[in-house]
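Let's have the full structure, built from the sequences with the hints guiding it.
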Amino acid sequence: MSNVLTIENLTYRRNWKTILTDVSLQLPAGQIIGLLGANGAGKTTLMRLIAGSAVQFKGQIQVDGQTAMARRKASVSYTGQLTDIEPRWKVGQIAELMARLHPDFRMADFLQLADLLGLQQKQRFNRLSKGNQRKLALAVTMARRTQLYLLDEPFDGIDVMTRKAMLNSIVRWLPNAATMVISDHHVTDIDQLLDAVVVIKDQTIVAHAAADEIREGGQSIESYFEQFYEGGENDD
Amino acid sequence: MTKASKVLGQLLGLRLKEIAGWLGLYVLLILGLSAAYALGWVDEGNYFGLPLSAMVFGLFAGFVRLAMLQEQLWTSNWWRLLPLPSWQLMVIGTLATWLTQLMLWLGAGLITAAWLTVVPGGPDLGAANIQGGLVLVALALVVELWFGAMISTVHLLTEMISDYLPDLRQKVVKVVLYAVLFVGLEWLLSGLFDLMWRLAAHGRHPEFSFSFGTSTADWGTSVQIPAGIGQAFLPIFVLLGLGTIALICLNAYLLDHVETKQPQQVG
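Those protein sequences? They're chains V and G, same order as listed. Residues 1 to 236 in this note's numbering are what the first sequence lists, from first letter to last. Residues 1001 to 1267 in this note's numbering are what the second sequence lists, from first letter to last.
Hints are not guaranteed to be accurate.
Derived SDA-like pairs (lysine to any residue); straight-line CA-CA distance at most 25 Å [what the hints assert, rightly or not]:
hint	chain 1	residue 1	chain 2	residue 2
1	V	K122	G	L1254
2	G	K1003	V	L111
3	G	K1171	V	R14
4	V	K17	G	K1003
5	G	K1017	V	L97
6	G	K1174	V	L111
7	V	K17	G	V1175
8	G	K1003	V	K201
9	G	K1003	V	G92
10	V	K17	V	K201
11	V	K122	G	K1174
Derived by calculation from the structure, the hints in this document are not laboratory data.
Take a look at the structure:
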């Protein structure tokens, strides 16, 4: 199975502070990977580096065999895409712009997803609740047909029933050969979805294990993750 | 249609509202002044001069607003995550600012020409003045292209330098850095222009020296622009053009290597 993401010796520093150090990771195609870590561990930073919105790093990041930034961006769909978007844009307008600017964006898929998640096309972005903004980010992300999907805490601030609907959307809309990296503090919600788990702690990756092996060992994903923090303080 | 041209088209489309707003204000000003003139509240000099000076001020204010929109491209994930090389995004962003400004100039110029054609007793729109006016407009547009690129250079250099500093009072540090870098680059431009004036002082291009009226009323009654001004300004066009290209190249490099900000989570 070929690797869709290869990271080698990645180090990232800002303002005299090391945020990630010597991170190496290989993710195969066709898997859903849980990226777990405490607040401030570096999960969002790692996703930003992979997606291409963070650029000052040492090491190498390859997505689908490509290191060039523009080619990496074409292969990655990231829920952080809507950060700093024009707040007056409407939901439908955002989708139209995505369709024009990203050749792999499927408008029919977006409309179905938006309908499923209860999004109104004529609503302005700044009028959406936090939860609806997250739903829009998910719909926009999943409507693209790419190799790698990065979902950064997509369920933050979402109620339980909507979370279930979003999880079903992810399972239904994710292409078979695509890889998804999802970070979420509600580990039990995504437990059954995961094929593998990556744990970030102390500015680096401390574990990368297959979910089935964890379960066969009699552990839940959550308890597996918690063992890395037992006996110490969270890195906030 | 290439991806880059689609993005440029999108940026220009999004700025159409800005253009319409500014031009709408200008039309309202002319209509208001015309009414005031008809009622005898405004004399002839100010009636013709105020719109012209308002146009210049409005175009400057429009440029400032467009520069702010331009800089948002480098800090917004929406634009930075487009699958385009950084140099293309930089060229597109700078070009979108300039083309929008060009549309503003054209729009304001057409509105002004139409108004002056309809209203009797306006300033002399002789061939010489029109030619001179067009050269000055071209100069203004080239200067704005330079400033558009320079503003991005200062912004990106500020981010780059502040990233190597401790995370203390970053906002204050960035404001200071921005001001210092802006003044520094502006000093460089002034030095280049000073060189051109020195050439003029040696009698090679006497057309560099000319004068406008000092008041709005002067603008309204007569403005004499010397002949041959286009040729006289050619070296400045070339200098600014080359300088702008150099800055855009630098900006493209910086965009690939500089963190612009830590984006907030959606929602």
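Hint-by-hint comparison with the structure:
Restraint check for V/K122 and G/L1254: not satisfied, since their Cα atoms lie roughly 38 Å apart, outside the 25 Å limit. In summary, the hint linking G/K1003 to V/L111 is supported, as the alpha carbons are separated by about 23 Å, within the 25 Å threshold. For the suggested pair G/K1171 and V/R14, the alpha carbons sit about 15 Å apart, so the restraint of at most 25 Å is met. For the hint pairing V/K17 with G/K1003, the CA-to-CA distance comes to about 37 Å; that exceeds 25 Å, so the pair is violated.
Our distance criterion of 25 Å between C-alpha atoms is met by G/K1017 and V/L97, whose separation comes to about 17 Å. Restraint check for G/K1174 and V/L111: the C-alpha separation of about 42 Å exceeds 25 Å, so the hint is violated. About 22 Å separates the Cα atoms of V/K17 and G/V1175, which keeps this hinted pair within 25 Å; it holds. For the given pair, G/K1003 sits about 39 Å from V/K201 by alpha-carbon distance, which is inconsistent with the 25 Å threshold.
Restraint check for G/K1003 and V/G92: the C-alpha separation of about 21 Å stays at or below 25 Å, so the hint holds. Between V/K17 and V/K201 the alpha-carbon distance is near 15 Å, which keeps this suggested pair within the 25 Å criterion. Distance check on the hinted pair: V/K122 and G/K1174 sit about 38 Å apart at the alpha-carbon level, beyond 25 Å; violated.
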